[in-house]
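Here is what each chain is made of, one letter per residue.
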Amino acid sequence: RKEVEQDPGPFNVPEGATVAFNCTYSNSASQSFFWYRQDCRKEPKLLMSVYSSGNEDGRFTAQLNRASQYISLLIRDSKLSDSATYLCVVNLYGQAGTALIFGKGTTLSVSS
Amino acid sequence: GAGVSQSPSNKVTEKGKDVELRCDPISGHTALYWYRQSLGQGLEFLIYFQGNSAPDKSGLPSDRFSAERTGGSVSTLTIQRTQQEDSAVYLCASRQDRNYGYTFGSGTRLTVV
Chain A
1 RKEVEQDPGP FNVPEGATVA FNCTYSNSAS QSFFWYRQDC RKEPKLLMSV YSSGNEDGRF
61 TAQLNRASQY ISLLIRDSKL SDSATYLCVV NLYGQAGTAL IFGKGTTLSV SS
Chain B
1 GAGVSQSPSN KVTEKGKDVE LRCDPISGHT ALYWYRQSLG QGLEFLIYFQ GNSAPDKSGL
61 PSDRFSAERT GGSVSTLTIQ RTQQEDSAVY LCASRQDRNY GYTFGSGTRL TVV
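In the order they appear, the protein sequences are chains A and B. According to the working numbering, the first sequence holds residues 1 to 112 in order. According to the working numbering, the second sequence holds residues 1 to 113 in order.
Hint data in this document are derived by calculation from the structure and do not stem from the laboratory. Predicted model only: the values in this text are computed from it and were never measured. Check each hint, because a few of them may be wrong.
[Said to hold, decoys possible] Taking lysine-lysine and the DSS-like style, the derived pairs with C-alpha atoms no more than 30 Å apart in a straight line are:
| hint | chain 1 | residue 1 | chain 2 | residue 2 |
| --- | --- | --- | --- | --- |
| 1 | A | 42 | A | 104 |
| 2 | A | 79 | A | 42 |
| 3 | B | 57 | B | 15 |
| 4 | A | 104 | B | 15 |
| 5 | B | 57 | A | 79 |
| 6 | A | 45 | A | 104 |
| 7 | A | 42 | B | 17 |
| 8 | A | 104 | A | 79 |
| 9 | A | 79 | A | 45 |
| 10 | B | 15 | A | 79 |
| 11 | B | 11 | A | 79 |
| 12 | B | 57 | B | 11 |
| 13 | B | 17 | A | 79 |
| 14 | B | 57 | B | 17 |
| 15 | B | 11 | A | 45 |
| 16 | B | 57 | A | 45 |
| 17 | B | 11 | A | 42 |
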């Protein structure tokens with residue numbers, strides 16, 4: 001089983017739609033979680049951290065279910081500018097030299 | 001600096017040549033990472049530096065790859081005897097501590113011909 005798994009998509013949605021991305025991770029010791037956004041031929045950029053209680057940033061809502069080892073990202077009222085690849089990222093604590101582990105990403109295309 | 005700086009932004013090299021890629025992290029960030037991303041693929045972890053600790057080299061794909069971080073700041077990734085499969089975007093990232101996500105540089109696009 002891969003460490004971080006995401007549905008690659010693509011998700012093709014009209015402007016204004018609500019879309020949800022899911023991600024599962026294999027290591028129950030994972031301690032911190034993030035969503036990154038990557039535009040075509042650009043570097044990944046941090047979108048938001050994911051907290052156990054769930055968190056919201058404008059139109060974006062992230063949820064974490066530790067029991068199921070599952071992370072989600074909800075985008076409401078999609079904009080054309082939301083078109084990108086969304087990367088699910090997990091981090092292990094307590095181990096020296098641990099890096100962030102990236103999923104392969106879910107591609108979103110928002111059309112007018 | 002304000003962000004993570006990488007150079008060169010693009011590098012075309014002949015198979016068998018050595019290349020050096022440079023990363024200048026955000027000032028004060030103790031952790032520095034190298035990843036690479038091949039076309040249409042996810043990010044592949046290469047190496048990690050944390051302060052003065054020994055680096056985690058577990059992601060380096062072969063002994064042709066090495067990296068250094070001098071003075072806890074600038075890092076250089078060296079690829080010796082480049083092969084065509086080394087062609088990828090090499091991304092450097094730094095972060096303040098484990099509670100934060102990374103900030104990536106804009107990458108070096110390496111093409112081995």
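Going through the hints against the structure:
Between the alpha carbons of residue 42 (chain A) and residue 104 (chain A) the distance comes to roughly 15 Å, so the proposed pair stays at or under 30 Å and holds. For the given pair, residue 79 (chain A) sits about 19 Å from residue 42 (chain A) by alpha-carbon distance, which is consistent with the 30 Å threshold. For the proposed pair residue 57 (chain B) and residue 15 (chain B), the alpha carbon gap of about 24 Å is at most 30 Å, so the pair holds. Between residue 104 (chain A) and residue 15 (chain B) the alpha-carbon distance is near 28 Å, which keeps this suggested pair within the 30 Å criterion.
For a cut-off of 30 Å, the pair hint linking residue 57 (chain B) to residue 79 (chain A) is broken: about 40 Å separates their Cα positions. The hinted pair formed by residue 45 (chain A) and residue 104 (chain A) meets the criterion: a straight-line CA distance of about 14 Å does not exceed 30 Å. With a C-alpha separation of about 26 Å, the suggested pair residue 42 (chain A) and residue 17 (chain B) falls inside the 30 Å cut-off, and the hint holds. Proposed proximity of residue 104 (chain A) and residue 79 (chain A) is supported: the alpha carbons are some 23 Å apart, at most 30 Å.
Taking the CA atoms of residue 79 (chain A) and residue 45 (chain A), the gap is near 18 Å; set against the 30 Å cutoff, the hint holds. For the hint linking residue 15 (chain B) to residue 79 (chain A), the alpha-carbon distance of about 43 Å lies beyond 30 Å, and the restraint is violated. A hinted pair counts as satisfied when its Cα atoms are at most 30 Å apart, and residue 11 (chain B) with residue 79 (chain A) does not qualify at roughly 35 Å. Pair hint residue 57 (chain B) plus residue 11 (chain B) holds up; C-alpha atoms about 23 Å apart against a cutoff of 30 Å.
Proximity of residue 17 (chain B) to residue 79 (chain A) is assessed by CA-CA distance (about 45 Å); at most 30 Å being required, the pair is judged violated. For the hint pairing residue 57 (chain B) with residue 17 (chain B), the CA-to-CA distance comes to about 22 Å; that is within 30 Å, so the pair holds. The straight-line distance between the Cα atoms of residue 11 (chain B) and residue 45 (chain A) is roughly 23 Å, inside the 30 Å bound, and the hint therefore holds. Simply put, residue 57 (chain B) and residue 45 (chain A) have alpha-carbon atoms about 24 Å apart, close enough for the 30 Å limit, and the pair holds.
Annotation: proposed proximity of residue 11 (chain B) to residue 42 (chain A) holds, straight-line Cα distance about 16 Å (limit 30 Å).
Hints 5, 10, 11 and 13, counting from the list given before, are not met by this structure.
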